[in-house]
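Peer 1: Next come the chains, spelled out residue by residue.
Number of protein chains: 4
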Amino acid sequence: MNFEYSDKVKELQEKLTLFMDEVVYPNEAVYERQLNEGVSRWDEPPIMKEMQAKAKAAGLWNLFLPDSEYGAGLTNVEYAPLCEIMGRSMIGPAVFNCSAPDTGNMEVLVRYGTEEQKEKWLLPLLNGEIRSCFSMTEPGVASSDATNMEATIERDGDEYVINGRKWWSSGAGDSRCKIAIVMGITNPEGPKHERHGQILVPLDTPGVNNVRQLPVFGYDHAPHGHSEIEFNQVRVPVSNIIWGEGKGFAIAQGRLGPGRIHHCMRLIGAAERALEIMCSRVQERVAFGKPLAEQGVIQEWIAESRMDIEQARLLTLKAAYMMDTVGNKVARKEISMIKVVAPNMALRVLDRAIQSLGGAGVSDDFPLAAAWAKSRTLRFADGPDEVHRSAIAKMELRSQAKTQEKKQVMS
Amino acid sequence: MNFEYSDKVKELQEKLTLFMDEVVYPNEAVYERQLNEGVSRWDEPPIMKEMQAKAKAAGLWNLFLPDSEYGAGLTNVEYAPLCEIMGRSMIGPAVFNCSAPDTGNMEVLVRYGTEEQKEKWLLPLLNGEIRSCFSMTEPGVASSDATNMEATIERDGDEYVINGRKWWSSGAGDSRCKIAIVMGITNPEGPKHERHGQILVPLDTPGVNNVRQLPVFGYDHAPHGHSEIEFNQVRVPVSNIIWGEGKGFAIAQGRLGPGRIHHCMRLIGAAERALEIMCSRVQERVAFGKPLAEQGVIQEWIAESRMDIEQARLLTLKAAYMMDTVGNKVARKEISMIKVVAPNMALRVLDRAIQSLGGAGVSDDFPLAAAWAKSRTLRFADGPDEVHRSAIAKMELRSQAKTQEKKQVMS
Amino acid sequence: MNFEYSDKVKELQEKLTLFMDEVVYPNEAVYERQLNEGVSRWDEPPIMKEMQAKAKAAGLWNLFLPDSEYGAGLTNVEYAPLCEIMGRSMIGPAVFNCSAPDTGNMEVLVRYGTEEQKEKWLLPLLNGEIRSCFSMTEPGVASSDATNMEATIERDGDEYVINGRKWWSSGAGDSRCKIAIVMGITNPEGPKHERHGQILVPLDTPGVNNVRQLPVFGYDHAPHGHSEIEFNQVRVPVSNIIWGEGKGFAIAQGRLGPGRIHHCMRLIGAAERALEIMCSRVQERVAFGKPLAEQGVIQEWIAESRMDIEQARLLTLKAAYMMDTVGNKVARKEISMIKVVAPNMALRVLDRAIQSLGGAGVSDDFPLAAAWAKSRTLRFADGPDEVHRSAIAKMELRSQAKTQEKKQVMS
Amino acid sequence: MNFEYSDKVKELQEKLTLFMDEVVYPNEAVYERQLNEGVSRWDEPPIMKEMQAKAKAAGLWNLFLPDSEYGAGLTNVEYAPLCEIMGRSMIGPAVFNCSAPDTGNMEVLVRYGTEEQKEKWLLPLLNGEIRSCFSMTEPGVASSDATNMEATIERDGDEYVINGRKWWSSGAGDSRCKIAIVMGITNPEGPKHERHGQILVPLDTPGVNNVRQLPVFGYDHAPHGHSEIEFNQVRVPVSNIIWGEGKGFAIAQGRLGPGRIHHCMRLIGAAERALEIMCSRVQERVAFGKPLAEQGVIQEWIAESRMDIEQARLLTLKAAYMMDTVGNKVARKEISMIKVVAPNMALRVLDRAIQSLGGAGVSDDFPLAAAWAKSRTLRFADGPDEVHRSAIAKMELRSQAKTQEKKQVMS
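Residue numbers (the UniProt record's numbering), protein chains in the order written: chain A, 1 to 411; chain B, 1 to 411; chain C, 1 to 411; chain D, 1 to 411.
Check each hint, because a few of them may be wrong.
Note: identical chains are not told apart, hence a pair may lie in one copy or across any two.
Below, simulated DSS-like cross-link-like pairs (lysine-lysine); rule was C-alpha separation at most 27 angstroms, straight line [claimed, not checked]: (1) Lys15 with Lys247; (2) Lys394 with Lys406; (3) Lys8 with Lys192; (4) Lys394 with Lys8; (5) Lys10 with Lys407; (6) Lys49 with Lys247; (7) Lys120 with Lys15; (8) Lys247 with Lys290; (9) Lys192 with Lys56; (10) Lys290 with Lys15; (11) Lys290 with Lys120; (12) Lys120 with Lys56; (13) Lys394 with Lys54; (14) Lys56 with Lys402; (15) Lys290 with Lys8; (16) Lys290 with Lys192; (17) Lys394 with Lys290.
Derived from the structure by calculation, the hints contain no laboratory data.
Bear in mind that the values here come from a model prediction, so they are computed numbers and not experimental data.
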């Protein structure tokens, strides 16, 4: 039992924190301004490229990738505290080429991609030259049950033909987004979890129609965006299939483990920053004759926030530790747990910070409201709370039953 | 004890519900489209005028005003269930000329305005020809304690000179907004609650600078808007003062009672609509082999929502009843209570509805996310939760102490 | 819409409050002392009879019974505020012959009893000469689903033979408890809700074995008690059946409506008293230089408690009003709602009061811990929260569906 | 970062678990029976001595004491998972001589006791021959602020004279309890936290009057008990003072750190056992056609409980780790955090388990209600939640301010 980060991690934490202080935070407003003043909100503001160049130069690039051939080769437990720091800023992860859904897509390509697929899509993604999206969720069915997915990927000679309507294809708004990983039915007669496949679809393929961008609590999340995309008789070569027909859920599982925990790490960073803002503000502002910081109710919010964050961070680290030591499959209870805990925790902390700031809190003068809206989506994205809770309960019931059995056998 | 609405109210409820079904709901999308396609987001979409004309024709106009000379002459308890119905749509209140802050401003003018002020500003407001705003909150101080307010209104001969910076002047974004009621220090040496006055400031007066529009989460709330306004050596005639110097808090109290309860009524409507949407959606969507509506956790959300709404509505009605029977001053504990209860209730109900819809819930395909963001501001606007709770507690402690004393005297 | 109690009710409230102040509260400690010093904890302390005599003399007797032949003939909405006052003391309801389960049993006999049954059991109960119990819950099955009940009531000639094991037969501990209403299977082949009957079983019948008294959080609730009773080949005449074979659930429904709401009324009284104690204590005690009453967190507890109580009371009154005006069946959604709301509300208020008193709060120096333990049982007795929530949701879904249909037909 | 227990700990966990399964759990009912059938509830049931002998023989004795001269010499982080296992049973800690307040008293004597004091009181306590109590809390003042304490310890020649009234002197009910550590004013003119001292008072000293035993909800916690003790002109030799006059708070701080975290460890054990009982029960019981375990709401309770426990355990371990590595003083924020988190967590888990069992849950057929009542006291014992929250907030505000300063200096 050891709660200390390794020296390597501490060094990276320090470096990253300094980088955030010097490069990222001061450019948040610049980014926002360039976005508003640009020709289109869907082109990335030029300041991003500048920051990315600095991050690359500083060796803070692709830290997310446990694979050491392509990435930094950090374990999950090493990456967690770093990802947390990046998550303190909405634009942070992109600066370090560590933003979703590209990270997940890159991992999928590293693990399951052919050499050709890697060359064509992985390398430019690793270099930050292009962006990608993941098209899974569909507007027509309840996405909490992923087996509901209705899009089809049908073989026709040397090609696959894709039909269907997807939404919440996040990142597809960006003019630099070139490739989608699309999930759909390849084996209609297969068993429930071997019915779907994943396939690479360049966004400029005929029949791909980016219908609209979906807002999140009024935010367009430009230039990233959340696209609704129509796939209408879209044809790609058979070599674009990932791993093989029917492997969709197997890939999704491999993808979602790290994807989910990365989200959690970032949420912890967002919560830390909110607490920092709250603490700073309540010491400056005076009401009824004393600083807000001296009022009992405000102190309760601060204390609850600190307790919430600490617990969620420890659970995230433990889940990461288990992924590293016993593998994502054995760690799936911990992953589901942190997937429920972290967004709810972040929302509580952010809400208290917002309340302590009043009007400023819901505006864009502080990063609280935007972080709240984004965090809110993580209570249903990648599996809603209620589905994860049900999964946790089932695993718990099974493991309790096993313990009881063992005791009875022994006695 | 009678929980029945009067026949008069029932008739108006029916009429209003029909109007909402036929005129308002179907035009929500039209309004949004016109807003996006118009020359400026700060001009009201033309469909509003059309709907307002129909509302006037139907006798559903100015229902909020208890004064029967100018308005419908309904009591608070009569208006409550009607205001609730209007609150089901974000554009509802404006259709019936019952939207904040105009309602509050009109009430202030009816109660405290001179004949000249009424003629000049009240009548066009009652006719829906112009809009108004209320400039109270300031960016530089903690607004939870209104006595912090620092703007100044200084007499200089026949004029008052106004200086200060206000924000969250809601409604000032609208190009039809012509007049602000501004609150500021008139009597710097006066006792704490007799130090401020309220004054009428036409927005085209030199020195009035509408600096920017503040977003609420990602919403700009156009064309209404929430303005930050700089008042820089703004001069208005002395006749523009309302009631008199030092009367600012007295007016604010009169204004905030009805203002707060109207917000609560609308929040109940918004919650009802959210529950309606949730119930409808969960019956259509299937996950894990059965409709969401048959899943225990979803049922819990529906039941909790119904219980939340019923209780908040009853408390609102009781507060309204007390305002009608014993007056706003005696009813101020009830008003504070409902001011805390209603927004928190609405946020819970809306959050459950959002969760049951997933991605659709946070988008603008449904009115849930927008209603959530607006409701969130009401946990601090017009007095934050924590200030109202403290006020309720003090009143409770006093009344409990009085009861104890009486018992001791009697025994 | 009228939130005023009638003059008749106000007069009774005043009378009852005075009686509580003069007779009940001062004798709570006497009752406890007599209980501890008596020969057996299962004999009622003599002070109870004295108080009952005074209550009878004051005309405060059997107020619960809407039937005017046998009882006070009050409506539910009239009785509610009175029952609330009685509920402020654990010994209150018994003083006025208004305590469960006798009230429910008397109502059953008034509604469904034969003349013989009334003469033999109803009259002595109405006079407070004997006590009764209701034997429904069984240790062997999940009681949340009442159709699980396995005890049998089999006809054998002129007798019914009863077999089974019941627990939580509350009131059966009292040496004056003479009669049980037992529920069990009479029609094993009948439809689910017409399979059970209810029958009168004198507790001195051979084969009735009062196995043990069940504690509630360490309280034995003597002399009342919660018995586990074995019914082993118990024979009673066929005339003891109530209404008829298979009528068990029909009777239970009629019984549970008023029974549930009475519990809720008492819970509101218990919560009011807790708030009173909390308010009084926090004004006396000083910590960190000022009375607890001036500390923000304590004020929040007081305010939340007042808001919780007000809302629950209004919902209780509305449910009572509906029972009076549209009948228990139509009011069953409201009854279920208040059955969930009231115990949870009382537990929150009591918990805050306990916390504000610290050690004194969990001891028997104050009535808080005892009231908490009793209130806790009401989250599952007479239907657990989760079952009521599910029922509320289903009714809500049905009524929403109906509204939608109607709208579609009309348009 | 390493979330694995050491091999030494794992071995002890296994041994202890086996001991609990074979010796402790099966004797819980025996203990209860002996207690009820004994001459007095205040004599320890003989089965305890038998179990203690076995524990000693198995080397599972005094594990709590980090001092290796007298105890097992385990670090806090090593002891935590073992203490958790003991905490699964109400009688567990006593079996291993690891129960409060004796553990705290022994630690105080090890750290601050003279050789004479150690010989006379520490050794018999270490051997489990006698019991002890700690007399700090007073009925007359708000104990949340310990500086309120009014009892006096006045020097008079070779003796100290103790006067005052204490309550919640836990453990003083036991007939084997021989010694109290009493806290009171020694230096009335000293600074706030150097005004009190701690002194050893044999319970058979003239003037010591054990007034009554206080119940916790309905539990008397016999034979342990919670005494109200009057100290009336009690005289003890000056050599009985611990450390010195004015050292009371210094000792209390040293004592409370480990004491608090031990409570938290036990609470985690209690919560684990509750979850185990809940999981087992809901798989056996059927309602509405399927096992409770398959119902969504029950699954939510199980999942929430697992998440609650995991997070609280990790925070406890981290606090223990910090106590081991940076000392109790630096770790005091973590200690305060876990002191708030653990009892609230245990209460939630226990409450869900109780609800899932219904009537059985509040009775003594399962250890849930008793554990709930005991856990409830830990929301105010050793510092109420609200005081710890305030302390956490102040530490957080200070540390945030320091970070900001450092950043400003660096930039």
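Peer 1: So which of the earlier hints does this model not fit?
Peer 2: Violated: hints 1, 3, 4, 6, 7, 9, 10, 11, 13, 14 and 15.
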